[in-house]
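Asker: These are the residues of each chain, in order.
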Amino acid sequence: MMQTARMPTPLLRHVQGARMWAFILLCVWCASSYRVFDSTHIYTGDFAAFLEAMVIQVLLLLVWVGVWVAVEQAFEGYHSVALHVCIGAALLAADTVLTGFLAPWLFYALAADWRAWISDLCSAVLMTVAIESELTLSLKSRSRRLLRRLSVVAVLLGCFAIYTYAQYQRDERPPVMSLNSHSDAAWVVKPDQPVLNFLNNYFAKKQNDAE
Amino acid sequence: MQTPIYAPLSLYAAQLLRRAGVVVGFLLLLQAPLVSAKTAADTFKGASESVFTVEIQTASDRSRNSQGSAFVVLRPNLLMTNYHVVSDYVLDPEEYVVVVKDAAGEMRRAQVRAVDVVSDLALLSTQEPIGKPLRIRESMPSKGVKGFSLGNPGGIGLTVVEGNFNGLSESAFVPVIHFSGAINSGMSGGPAVDEAGEVVGVNTATRRGDQLIGLLSPAENVTRLLAAFSDDEVASADALRGQIETQVAGFSNRLAQEVLGHKTDKVVSGHFELPSKFQKKARCYGETEKDATHRFKVTTNYCSLRGGIFVNDATRVGTLTVHHRRVFGEALTPSQVAAVQNKLSESDVKNSGASIEDKTVWICEHTRVELQAGTVGELHACQRGLTRLKDVRDFYFLFASRPSRGEGLMTELRFNGITNADANKLVKHFLLQITEVASRSPS
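Chains as they are written, first to last, in the numbering used here: chain E, 1 to 211; chain D, 212 to 654.
Any given hint could be a false lead.
Claimed, not checked - Heads up, simulated PhoX-like pairs for lysine-lysine below, C-alpha to C-alpha not over 20 Å straight-line:
| hint | chain 1 | residue 1 | chain 2 | residue 2 |
| --- | --- | --- | --- | --- |
| 1 | D | Lys639 | E | Lys205 |
| 2 | D | Lys492 | D | Lys508 |
| 3 | D | Lys639 | D | Lys474 |
| 4 | D | Lys636 | E | Lys205 |
| 5 | D | Lys354 | D | Lys256 |
| 6 | D | Lys474 | D | Lys636 |
| 7 | D | Lys312 | D | Lys354 |
| 8 | E | Lys205 | D | Lys601 |
| 9 | D | Lys256 | D | Lys477 |
As the list claims (entries may be wrong) - Partner residues aside, some chain E positions facing chain D, computed with beta carbon under 10 Å:
| hint | residue |
| --- | --- |
| 10 | Leu196 |
| 11 | Leu199 |
| 12 | Asn200 |
| 13 | Phe203 |
Quick caveat, the hints were computed from the structure, so don't treat them as lab data.
Because the structure is a prediction, the values reported are computed rather than measured.
For each residue, glycine too, the CB sits at the ideal point set by N, CA and C.
With the sequences and hints as input, model every part of the structure.
Answerer: Pasting the structure below:
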């Protein structure tokens with residue numbers, strides 16, 4: 001039996017490789033998305049809506065990967081698809097976990113007013129981190145360090161502009177209520193206030209506004 | 212044996228009387244429609260001097276905006292009509308003018324002198340005398356008494372419609388007379404008179420989807436508005452809007468007092484005891500709907516005080532609604548109950564007020580609250596302003612109970628055009644009556 005001169009690749013290198021991480025993160029994203037869906041789905045049409053949302057996110061991931069491949073190819077002369085899939089999948093997975101599980105819980109743990117914008121904040125921070133990671137990993141030349149730093153500021157400003165605009169648009173529409181959209185454990189985090197306390201404050205405030 | 216002579220004579224007399232009775236009855240039957248037709252014709256003839264068409268025209272090019280009817284009262288230059296006929300002018304006097312048109316088509320400018328938005332009445336005046344005042348009847352006619360409604364339906368000309376008065380409506384919070392007759396669009400503001408030609412009420416509305424259910428503002432409202440009217444001063448636009456503000460706020464207060472003073476009926480739904488019929492005029496219904504998957508059901512208990520006050524096409528104030536929905540299904544997890552609650556609430560705020568014209572945006576707050584010991588949930592409190600009325604607002608409250616395994620409650624309260632103080636009392640009144648009647652399974 002002949003043995004080639006090529007040394008066998010250690011399994012560890014595969015595990016640590018970008019492809020393996022991309023695969024793992026895609027699995028985490030799919031599993032967490034399904035978990036969020038499964039905990040609340042009840043209507044027949046919900047599964048179709050879930051699939052539609054997943055397809056849209058897959059398309060977004062492909063666009064994300066395509067853009068960064070093009071940028072990397074243009075500036076560095078080579079590209080790594082797995083790396084960009086890895087970062088994109090990590091972004092989607094983290095967003096699902098944060099907005100699907102953690103944000104509703106934090107809403108009760110911290111303050112009531114947080115819920116309106118905590119999901120947007122989480123998404124904005126994640127997007128910023130993901131783009132900065134892409135810039136750092138894709139544009140390695142020292143000469144582009146300034147470009148990367150400037151881009152962080154631009155990305156942060158851009159994210160906040162988009163979310164502020166989205167918030168403004170939301171104020172123009174009738175409010176969308178999200179009822180009891182928190183984990184069951186959240187109920188024990190913050191004690192319930194007597195309804196009369198809330199209403200007395202509510203109407204006192206409205207009276208002051210009117211005056 | 213001799214037959215007594217009186218027997219056949221009496222028999223003959225009796226037969227004669229019967230025949231005479233039949234003939235008289237037959238003649239009376241023939242006569243009845245003739246008498247009715249004559250009375251209607253007389254009514255029409257007499258009314259032509261007293262009933263006019265009212266048009267709201269644009270100030271810029273005098274094109275017609277809306278049309279109704281009016282009748283002369285008290286003095287030859289005073290006319291009574293509905294507030295809703297002239298509401299566009301009252302709220303935007305720079306944009307519109309009021310014109311009174313007689314049967315010959317001659318037009319005269321008119322001024323709005325006083326309004327009663329609660330009774331939907333407005334008093335107009337013209338520069339010169341234009342007609343003969345109708346007398347106002349002081350008492351309510353018995354049910355079934357014949358009457359005639361007059362007006363100009365659809366602008367096709369002065370018309371008389373025969374019908375019957377049927378007393379006050381039993382379902383309207385603001386008293387209105389039920390008139391069984393064909394009141395049509397354009398007759399609003401015209402008089403409904405009895406056979407003596409005295410005004411019993413003012414044509415105000417018809418019930419949509421029903422036939423021949425006409426609603427009249429009672430004549431006593433006309434008398435009251437005339438008594439409060441001062442001929443010395445011409446009401447400015449600001450003064451008229453001030454009258455509306457005061458009347459709407461007063462109505463809100465009266466509504467709140469009526470509800471708070473009434474012992475609210477309760478219904479038991481699952482583990483909850485809920486406030487239901489909150490006022491004797493409130494209309495309530497209930498139903499249970501199955502989900503298509505048969506995994507859960509939704510029981511609804513809905514009560515509302517219908518009608519309210521018309522301010523303009525976009526704004527109706529003084530309405531109250533209490534709407535409970537209980538979601539239940541043995542296999543539902545708390546998260547699934549919450550999902551159903553969310554689904555049910557999706558369109559709630561969007562539907563609370565058909566139009567956003569003349570209204571500010573909704574502003575909402577929410578928090579977790581405890582109603583009674585152990586009855587906890589989220590309370591969403593929303594309100595929006597009415598740009599035409601500064602003293603009242605629309606309020607929307609949604610209480611969603613903490614979902615337990617297999618059950619969850621949603622209670623929705625809508626108060627349209629209510630003062631801040633009254634909304635405060637009403638929401639506490641309803642929410643504090645929500646109780647749990649048995650311990651619930653832990654979530």
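Asker: For every hint, state whether the structure bears it out.
Answerer: Each hint tested on the structure:
Of the pairs offered as hints, the one joining lysine 639(D) and lysine 205(E) holds, with about 16 Å between alpha carbons and a cut-off of 20 Å not exceeded. Our distance criterion of 20 Å between C-alpha atoms is broken by lysine 492(D) and lysine 508(D), whose separation comes to about 29 Å. A C-alpha spacing of about 15 Å is found between lysine 639(D) and lysine 474(D), which places the hinted pair at or below 20 Å, so the restraint holds. Under the criterion of a C-alpha separation no larger than 20 Å, the hint pairing lysine 636(D) with lysine 205(E) is consistent with the structure, at around 15 Å.
A hinted pair counts as satisfied when its Cα atoms are at most 20 Å apart, and lysine 354(D) with lysine 256(D) does not qualify at roughly 26 Å. Of the supplied pair hints, the one linking lysine 474(D) and lysine 636(D) holds, its CA atoms being roughly 15 Å apart against a limit of 20 Å. As the CA atoms of lysine 312(D) and lysine 354(D) are separated by approximately 34 Å, the hinted pair breaks the 20 Å bound. Straight-line distance between C-alpha atoms of lysine 205(E) and lysine 601(D) comes to about 16 Å, which keeps the hinted pair within the 20 Å bound.
Note on lysine 256(D) and lysine 477(D): the hinted pairing is violated, with a Cα-Cα distance of about 55 Å set against a maximum of 20 Å. Interface restraint check for leucine 196(E): the shortest CB-CB distance to chain D comes to about 7 Å, inside 10 Å, so the restraint holds. For the restraint placing leucine 199(E) at the interface with chain D, the shortest Cβ-Cβ distance is roughly 6 Å, inside the 10 Å limit, so the hint holds. Taking 10 Å as the C-beta cut-off, the interface hint given for asparagine 200(E) holds, the closest approach to chain D being about 8 Å.
Of the supplied interface hints, the one on phenylalanine 203(E) holds, with its beta-carbon coming within about 4 Å of a beta-carbon of chain D, less than 10 Å.
Consistency note: the structure conflicts with the earlier hints numbered 2, 5, 7 and 9.
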